[in-house]
Structures are given as C-alpha cells and as structure tokens.
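Asker: These are the residues of each chain, in order.
There are 4 protein chains.
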Amino acid sequence: MNYQTVLNEIIEEVQPSLTRGKVANYIPMLAAVPATKFGMAVQSMDGETFKVGDADEAFSIQSISKLYTLTLALKDQRRALWKRVGREPSGTPFNSLVQLEYENGIPRNPFINAGAIVIADIVRSRVADCRRALLEFVRARSDNTAIENNSEVARSERETGFRNVALANFIKSFGNIDNVVDEVLDFYFYQCSLEMSCVDLAKSVFFLANGGNCPWSGEAVLNPRQTKRINAVMLTCGTYDAVGDFAFRVGMPGKSGVGGGIVAVIPNRLSVAVWSPGLNAHGNSLAGTLALELLTTKTGISIF
Amino acid sequence: MNYQTVLNEIIEEVQPSLTRGKVANYIPMLAAVPATKFGMAVQSMDGETFKVGDADEAFSIQSISKLYTLTLALKDQRRALWKRVGREPSGTPFNSLVQLEYENGIPRNPFINAGAIVIADIVRSRVADCRRALLEFVRARSDNTAIENNSEVARSERETGFRNVALANFIKSFGNIDNVVDEVLDFYFYQCSLEMSCVDLAKSVFFLANGGNCPWSGEAVLNPRQTKRINAVMLTCGTYDAVGDFAFRVGMPGKSGVGGGIVAVIPNRLSVAVWSPGLNAHGNSLAGTLALELLTTKTGISIF
Amino acid sequence: MNYQTVLNEIIEEVQPSLTRGKVANYIPMLAAVPATKFGMAVQSMDGETFKVGDADEAFSIQSISKLYTLTLALKDQRRALWKRVGREPSGTPFNSLVQLEYENGIPRNPFINAGAIVIADIVRSRVADCRRALLEFVRARSDNTAIENNSEVARSERETGFRNVALANFIKSFGNIDNVVDEVLDFYFYQCSLEMSCVDLAKSVFFLANGGNCPWSGEAVLNPRQTKRINAVMLTCGTYDAVGDFAFRVGMPGKSGVGGGIVAVIPNRLSVAVWSPGLNAHGNSLAGTLALELLTTKTGISIF
Amino acid sequence: MNYQTVLNEIIEEVQPSLTRGKVANYIPMLAAVPATKFGMAVQSMDGETFKVGDADEAFSIQSISKLYTLTLALKDQRRALWKRVGREPSGTPFNSLVQLEYENGIPRNPFINAGAIVIADIVRSRVADCRRALLEFVRARSDNTAIENNSEVARSERETGFRNVALANFIKSFGNIDNVVDEVLDFYFYQCSLEMSCVDLAKSVFFLANGGNCPWSGEAVLNPRQTKRINAVMLTCGTYDAVGDFAFRVGMPGKSGVGGGIVAVIPNRLSVAVWSPGLNAHGNSLAGTLALELLTTKTGISIF
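Protein chains in written order, with my numbering: chain A, 1 to 304; chain B, 1 to 304; chain C, 1 to 304; chain D, 1 to 304.
Be aware that a few hints might be false.
[As the list claims (entries may be wrong)] Mimicking SDA-like on lysine to any residue, the simulated pairs with C-alpha atoms at most 20 Å apart in a straight line are:
id, chain 1, residue 1, chain 2, residue 2
1, A, Lys298, B, Asn268
2, B, Lys83, B, Ser44
3, C, Lys75, D, Gly211
4, B, Lys83, B, Gln226
5, B, Lys83, A, Arg249
6, C, Lys51, C, Val6
7, B, Lys83, A, His282
8, C, Lys75, C, Arg131
9, A, Lys298, B, Pro224
10, A, Lys83, B, Ala281
11, B, Lys298, A, Lys22
12, D, Lys83, C, Lys75
13, B, Lys83, A, Asp245
14, D, Lys37, D, Gln15
15, C, Lys298, D, Asn223
16, D, Lys83, C, His282
17, B, Lys298, A, Asn223
18, B, Lys37, B, Asn280
19, A, Lys75, A, Asp245
20, D, Lys75, C, Arg249
21, C, Lys298, D, Gly211
22, B, Lys75, A, Arg249
23, B, Lys298, B, Ser44
24, A, Lys51, A, Gln4
These aren't lab readings, by the way, just hints derived from the structure by calculation.
Turn these sequences into a full structure, and let the hints steer you where they fit.
Answerer: Written out as structure tokens, the structure reads:
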C-alpha cells in the first residue's frame, strides 16, 4: 500500500472541511491555534513513517494523554483497576454526573474525564515522580526526547477547570480517590498539557497495533491480551459520546483530544495520527475524523 | 484452524458455568427451557459448518431478530433510517426512557427495544406483508425453509409486554412511529418469537463476515460498506449495556437475545452462534459469552 | 370584605395579560377557545357567591378533575392509597418518566398525570359505575345537575394521548395498575372532559375551605383532618412544576387545568375559581395566576 | 391556649420515638450527641416563651442557618436573587446534580445545599465581614448575645465535605458563583456550625410569624410581603425531599437541619423549635417531626 499517495489525496480532500469545525476556546492558548492547521502521519508495520502537512508540528494532545496514563496504570495494576473504573461507553454527555451518582463514584470508563482522574490517582499512588514517569514513557514510545509539556496551558486549565475540580471532589466523596484532590488534578492537568506532533503520536501508539511491542525501545509495553483490551476500550469509549458514529464511519479504535488530535490503530496494519483544530459537535476533530474515514475508504483497511 | 477441536474443548470448559446464569422467566415458555442446554456452531469462510452440543435445536431468538429487521430496513432506506434512530451505545439501562425524552423520541440505536420498534415501523411501512418478508429473509439467510415462529411465545409477550407498549406509545407521542402502535408491536413480537438453531443462526449472519454476500442464496444482501457499518453498530450497541465488557472480553461484533442466544462475526474469518439459556446480570447469555471468549482465546482470532 | 369590588378591579387589571399566554392546542376543541375569555367566582363562608366576566360559561376542566377523583379515592381507601402514589412535588417535568422508573412505578403525587391514572384505577376498582359516580359527585359539590362531560373532547384526547397511554402501560409494567389499561384510560379521559363554569368550580371545592363539609348537600365529604391534608397536597403538588412559584406569588392551595381553569381555597375564608385559556410556560393559566395573586394582594388574605 | 400543657404532653408521647431515628455520623462531633436529647420551645404572639426538656441546650443548627442567610440576602437584593436561585422543590435527592446541569447551574431553591452556597456567595459579595454580620443577625433575632459558632465542627465539615466542594465548583463552572470557591465554602461551613438552643431558635424565627417584625430588637427585618414569601418557600422547599410529607403531616412552613433541629411558624400564631438528634430517612428529625405533628393536632392550629 502506498500510504504517501493516500495521505497526499486526503490533505487535498479535507481542505474545505478545515474551517467547518469550531476551535476549542475555553483557554487562550488553544483558541489561538489557526483552524487551517492540518497534519497526518501513518506508521506502518514495516517501520516506515509517512506524513503530510503539519505533521511535525507539536500541539496540545489533551485527552489523548488518557491513553498513556491508562497504559501506565494497567502495567502495574491490571484487574484491580477495573474495580475503580468501568469500561462501558458513557451514553449522553448529559449523564456524566448523574451516572457517577447512580454508580457510586465509579466512572464509566477511563477515557471520560472522571475516569481519567481516577487513573491519574492510581498512577500517582504507584509512581514516586509521576510527571517524570509519564514524560519518559511518552518520549520512549515516540522515540523523541524533545517532547515537553506546556506549563502555561496546564496553569490555564487549572485556573478555569471548575468542572474537573467538581468531578474530582465528587469522586473523592465516594472514596474513589486516594490522594489529595489538588495533587491528582495537578498531574491530570500536566498530562493534558503535553505537546506532541502527529509523527510523535503515530509512533507513540504503534505498540497498540503491534501486539504490545515498541520497536524503537525494544520494550514489551503490554502483553498481547492487554493490548487487544486497550484497543477494545478505545473503540467503545475513545471518542466521547460519538463512539458509535466513529466506529460506523471510521471503523478503528481511536482516541481524540480537544486540541484537535486523534490517534487510531488497525491491529497488525498501522497506527495513525491526525491533527485539525476545528471540532465537531461531539468535541472530536471534524476534519480529522473525515481524514481517518478517507484513510479506511481509500485503503480498504478496517477492523470490520 | 480445526474449529471442531476448539468447539469440543469449549463445551467441556463451560459446563460449570451453565447453571450460574439466570434463565429468563417473564413468560412461561422461556422459563421452561432447561439451563443445561448448550449449543455452538461456527461457519467458516471455506463453507464448512462446525457444531457441538444442542447446536441443531431451535430456540427463541428474541432480540437477535433485531439484526435481521435492521438489515431489511437498511436495504430499502439507508441514510433516512439514521434520522429516526441513532447509532450510539445507550449507557445505563436506567436511562432508556429519559434518553428518549431528552432526545425527542429518537432511540439511541437500533438494538435497544425502542430502536427496534422504530425499525419494525420502518419495515412495516415499506413491505406489504412484513411477517412473510422477514420469515423468507431469515430462511434464505439460514438456508433452512423449516424455520417458523412460535405464536404462543408471541402471544405471551404481547400480553405481558406493558413496557414495550409504553415505549412504543412514548415514541409515537414524538411522531417517530408512522403506523398504528398495535400493528407495529404485533410485528415486533412476531420477530422476537422466531425459533432457530445455532446452525441456523451462524449461517444466517455469515453474510456479515463475508462482505455482505450470502453464498447459499447467491444474493448480495448488503454492499461491503453497509456490511462494515452493521458490524460497527453491533460492536458498539449489540449487547445491551455490556458492550464495553463484551468488546473487552470477546472482541467480536455480536448480538444477543434474552433466550440465551448470541451471534457474532469476525470479518473475513467466520460467523458463530452460541446458545445457553442462563443469563448474566446484563441479560446476555453467561456461558455463551464465556464460550465466545474461549473461542477468541483458543484461536487467537480477534478484530483487535 | 367586598369581594365584588375586588373582582371588578381584577378583571380590569388582567385584560392586558389575557393574550400573553398560549392557548392549549393539542386537540382542536381546546385550540378553538378564544384567548380573551375570562371569568372568576368567589364563594365566601357566609354563603354568598361573587362573580365576574365569563364566570357562568362552562369550559373543559381537564386536570382540575384530579381533585375530585382524589377525594373519591380518599373517602374509600385512605392509608392504602399512599402506598400506591406519593405526595411529594415532582421536580422538573423532565423527570416524570425517570422518576417512575427510579421509584418503581409509584408516581410522585396524585396530581401529575401518572398519579391521576393510578387514582383513576383505584376509583375504578371500588365503584361499579365510576363515570356516573364521579358525575354525581361533581354535580352534588357544585349544586348543579346540568354538568356534563364533552365526549368529543374525551375522544380527541384518547386518539392523541400517546404519552398517557405510555405512562399507564409503564405503571402497569410495575404492577401498580389493577384494571385493563384501556378501561382506566377511558375513565381518565372522561374525567378530564367534564365541563364546568367558574361558579360551578368555586362551589365544588368549597368543602375544602369548610372543614370538609358541603353546605348545599349537607354532606360531610371528608373529615377535617383529610381536608387539611388534601389542601397540603394541593399546595405542594397542585400546579405542575410551578408549585414553588405559585405558593410564592399566590399563597393558596390550588389546582390548575390545561383548559385555563384554576381552583383555590383559603381555609375558613373562601374558595375561588378563575378561567383564562392562555397558559404560561408551566402550563398554568397565565392571567388566572395573576388574578389569584391580585386577589390575595387586594384582600390581604393568605395562608402565610 | 395553654402551650405549656401541650409541650408537657408532647415530650411524654415522643419518648418511644427518640431512638428510632439515626443520629448523623459523618463528622465526629455530631455523632457524639446522645439520641435521647429532646427539647422544644414555642414563642407565642403575646410574647411568652414556653419550653420543655433540653430546650435551653445549644446544638449544631446546620441547615437551619440557610433561613438566616436567605433573609440577609433578601434584605439587600430581592428580585435579582431569584435569577440566581429558583424557588421550586427539588424532587428526588438523586436529582441534585443532574438538575444543576439541566438548569445551567441555577439551583432549584435556596434551601438545598447548592442553593445555600449561591446565597452564601451573594451575602459574601454584599457584606464586608459576612461572618460577623450573620452572627450579629442571629444574636439580634434570638435576643441572645452568647450565641457562637463551633469552629471544630466547621473544620470537620470542611475536611470531609467533598460533595459540597464538588457542588460549589460545578456551580462556579456555570458562572453562578462570583467569589473564590474556598472563601464561599468557608462562610458556608461557618453558618452551618452555629450553635443555638430551641429557645434561641424559636425566638429567632418569630419575625416570620409576626409580619417581618422582631419585637425584642424593634426591627422590621422584612416587609410583610417578603415575610409571606419566605414562609411559602419554607413550606415548599424547607425539608429536603420530604416537603410534601411534612406539609401533609405537620402543615407548617418549616426548616430542618441535620443536627436534629427544626424551626416552624404559623403566621400570626406562633413560632416553634424542636430538637431531637435521630433523623428519619429524609434527613429530618424523626421525633422532631412527630412533635410538630402533635402540636398541630393538639392545638388544632394549621395553615390549612
């Protein structure tokens, strides 16, 4: 398969869609990103990286980071983890808090904010310097030691993130957070403020397409069974309340972020990352979703 | 792959689990089915059918029928269908009615009861004799002209199905049912009362593993794109409020019924059906889910 | 107190408000009522009836009838009744169905539709000819044998009342309706289609201001304790999801109907009925609520 | 009316009920209060104070304080206040958070925790030293300069009140809190930790039975219209999710606290306070509610 040709076609076809989405504006630094940015990178099984557009430009990965912290938590904890967070899709956005109440502080899955906060709490309890551990994990997965976080983004989110503070305290009231709430949130906002490029991101999730193995570090990040399971959770829970639509149109396990990035994998075939800041009504990158749909259409590759 | 060996192992291993589930008892004829029944059938790409246990015994397929009516509706209507029913997982069972209210009578997906009732309404509007059309469709897909419905089961469900009557009238109050409610429900209870064996069921969904083509009838039931999409909807919505857990453990698109049957497919590899009447807390066959999990574990086949 | 002077002032002051409300239009016969109709009648403790405007014109009493069926049910059943229906306000309209689900088919109070349907079921189980019994009860309370129901209104509501059919079947699914759903709904739609004037209505609820005694029939309808309690339920549940606002502004126990009527009482002082078809956002008569507020302001009478 | 005789009878009759309730135990200082404590005080229109049992012993008033802060907020702000907090009953406890979400951060009424936090924010914005202002208000209303708060109770609630922190941050995320969340909560936990006796409490709310006038301070605390309206809000919202039951059984506007206290008024007749630490399932004092019911039964006084 000539992925480069496919990527070249895709960037042409998505141009009219770039400005149809709405760039996140709840913090100044996200609002300042031009809607016309577009990058995409594919990492194939034979070790090649294909890329197009702004694929080397770092941007705010936001919720994509939930995939890394979940992996870190799973490496350590495994079964016990699923007692503290579910693995079912969350239904309507409307339900987030009522479901927490109905289900006694157990978030529905690790990819909604509530669940990611619990995962952050788990990682914080296990790892002495959790920020450093996460940064090293991400750098190793991406084969790029230059990756950093943006502390101004973290601070902005911290100052305006009242709803996340509410979520964390609500979960704490059910006893499902062990550490001090402020410290858990500091780590949570840290992870969201990491900045990576499409090339970094595509490489970083390649182990999920590769049975858990990371070729450049030579590390078995997860075993094959864990790998399949993370992919399953991504498919059913990775794109907010649009998982059904994403599976229907794209047909890959994927995880999106409010910065406009999406990562996805097709097991034993490829990993991919795309970036377009304009979001659709569900909070997923509008042109990014379209680009992934074009990728599956043009290559005929799908898990279904 | 020697599927027969695998099936022989599975039936041994699930024995202790057969009586751990709870047989549906809301109507007498379902309650009367022995919990010890177990059957399983695999239809492979090269045309072979493998089977074990009670795989030739017909049982009440119940909600598995929603897959057939959705296929019938999709053949005719396509895009318009998705304006009347969503394709997102439903969240907690608790939310079924509140979501209908919140979302103005548009059911979340075609596999919850509310959605299947809308699909039944769509089929009823398009096809003169919808019962006959459905029966012929099912017989053609299963290559078995002996398949019938059980009118006593249909009548029992009709007499006690107050919640479905409530759902249908509630949807009608939003204008999302065109026909007379009683006629739609008659068709709905008819479809649920069809009786098929594991062999019938495995054959009947083989087209979903085969790009939409049904070998024994020679018919292109759906095109490849529609086929992928039905599989995606099955994966994200096919097993009630346990879709995340089912994807996590089994990793196949599947559809279950309260009679204890489950059908599933792995695209380009196989279709499978399993039957064990005891249900888990989510209403899916307990030993049936385990059997499918064993199938993926033993064969290493998975979409993830 | 010269109530006639007060009524004369009120009808002047509400004129600009008559057309600010929205006349119910879900059935043709309600939609056809002119928004400019306005009537009001006060029944004082010394036996005098004061009236103004269209106070002698009969209109569709709709949900005001729930007060009569509750009284009938209470006469017979008392404590057992409160096991089948609560007496708490219902919160947002949004919650009607979810609360029924959460609270196992026990409606929150007898004045929401769900609760009134259960009350209709109770009356139907106790009284052989429940329509006749209700009609005789209403005629005796109003001292007017000419009161009738409007069968065309009942038929219209029956044909379009899918949401009430849904509610009744949903409650039945929890076992909280004993009779056949259709028969219960026939009685329910019958009661809503009664037609009475403001004079009829003010007289009909006078027993609630008078310790349970109906002067013109000489009957002790309820004992003083039951009377106080019905008034309490009216105050906390009688005006849909606007009970707080109604208590805040009007300060009387009252019951409204979608036909634009409201009845209210001040214990040991007066009973009152008002009619203006235009409804506010909560489904209560807009000018009718204002008229009652003016009555308490001008007379200084209030329970608070 | 000889209220002393009535109180003497009541304390006898409630004895068997004192230990049937459940003393609040979420903080140690509340858990330590003996369930056998019982006090009651009536303040009559002619200036006499009647009391029985532990009526002079100060206890933690908790949510009763919401009545004082609402009065303070109403004195200053009036209409604008009702744009930031509703005046409708809250429905089931289950709904607190979902209703906040559904209604964009506007709490249903000033007596649920969410509403009281908004009121605390309003008072904090208006009054320089809000703690001092509240303390002086309470002392003046009770004619007792010895009233204090318990700083250990405030600290305990602060340390364990994760749910209130969640509520406050959630409301802040909708823009309905102006001050820094921690400062608003400090004031909120301060008000809840005030300690008063039944005699203090009965005197403190006497102005609500007396058209807004406080005899011992000679101050017109509220005008008659405001007074009626606070009483209306108390009746429809003052006793958590048991307002209907409380109105049905007791028939007085009242406000309860988790410390086991309840205050109530009958306009132009009396104010009353009762204390019994054991709570019923709704969080209201079990024997306290019974004592108020006995008071209305024995005296025949009721607003209905």
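Asker: So, for every hint listed, does it hold in this structure?
Answerer: The hints, checked one at a time:
Simply put, lysine 298(A) and asparagine 268(B) have alpha-carbon atoms about 19 Å apart, close enough for the 20 Å limit, and the pair holds. Between lysine 83(B) and serine 44(B) the CA atoms are separated by roughly 35 Å; this puts the pair beyond 20 Å, and the hint is violated. Only pairs whose Cα atoms come within 20 Å are accepted, and lysine 75(C) paired with glycine 211(D) is rejected, the gap being roughly 37 Å. Between the alpha carbons of lysine 83(B) and glutamine 226(B) the distance comes to roughly 16 Å, so the proposed pair stays at or under 20 Å and holds.
Simply put, lysine 83(B) and arginine 249(A) have alpha-carbon atoms about 16 Å apart, close enough for the 20 Å limit, and the pair holds. Restraint check: the Cα-Cα separation between lysine 51(C) and valine 6(C) comes to about 10 Å, which is no more than 20 Å; the hinted pair holds. The hinted pair formed by lysine 83(B) and histidine 282(A) meets the criterion: a straight-line CA distance of about 17 Å does not exceed 20 Å. Between lysine 75(C) and arginine 131(C) the alpha-carbon distance is near 16 Å, which keeps this suggested pair within the 20 Å criterion.
With a C-alpha separation of about 14 Å, the suggested pair lysine 298(A) and proline 224(B) falls inside the 20 Å cut-off, and the hint holds. Distance check on the hinted pair: lysine 83(A) and alanine 281(B) sit about 16 Å apart at the alpha-carbon level, within 20 Å; holds. Only pairs whose Cα atoms come within 20 Å are accepted, and lysine 298(B) paired with lysine 22(A) is rejected, the gap being roughly 47 Å. Straight-line distance between C-alpha atoms of lysine 83(D) and lysine 75(C) comes to about 42 Å, which puts the hinted pair past the 20 Å bound.
Of the supplied pair hints, the one linking lysine 83(B) and aspartate 245(A) holds, its CA atoms being roughly 13 Å apart against a limit of 20 Å. With a C-alpha separation of about 10 Å, the suggested pair lysine 37(D) and glutamine 15(D) falls inside the 20 Å cut-off, and the hint holds. Under the criterion of a C-alpha separation no larger than 20 Å, the hint pairing lysine 298(C) with asparagine 223(D) is consistent with the structure, at around 16 Å. Under the criterion of a C-alpha separation no larger than 20 Å, the hint pairing lysine 83(D) with histidine 282(C) is consistent with the structure, at around 17 Å.
Between the alpha carbons of lysine 298(B) and asparagine 223(A) the distance comes to roughly 16 Å, so the proposed pair stays at or under 20 Å and holds. Between lysine 37(B) and asparagine 280(B), the direct Cα distance comes to roughly 16 Å. Compliance with the 20 Å bound is thereby established for this hinted pair. In summary, the hint linking lysine 75(A) to aspartate 245(A) is not supported, as the alpha carbons are separated by about 30 Å, beyond the 20 Å threshold. With a C-alpha separation of about 18 Å, the suggested pair lysine 75(D) and arginine 249(C) falls inside the 20 Å cut-off, and the hint holds.
Between lysine 298(C) and glycine 211(D) the CA atoms are separated by roughly 17 Å; this keeps the pair inside 20 Å, and the hint holds. Between the alpha carbons of lysine 75(B) and arginine 249(A) the distance comes to roughly 18 Å, so the proposed pair stays at or under 20 Å and holds. Simply put, lysine 298(B) and serine 44(B) have alpha-carbon atoms about 16 Å apart, close enough for the 20 Å limit, and the pair holds. At most 20 Å may separate the alpha-carbon atoms for a hinted pair to count; lysine 51(A) and glutamine 4(A) meet this at roughly 7 Å.
Hint compliance for this structure: hints 2, 3, 11, 12 and 19 are broken, all remaining hints hold.
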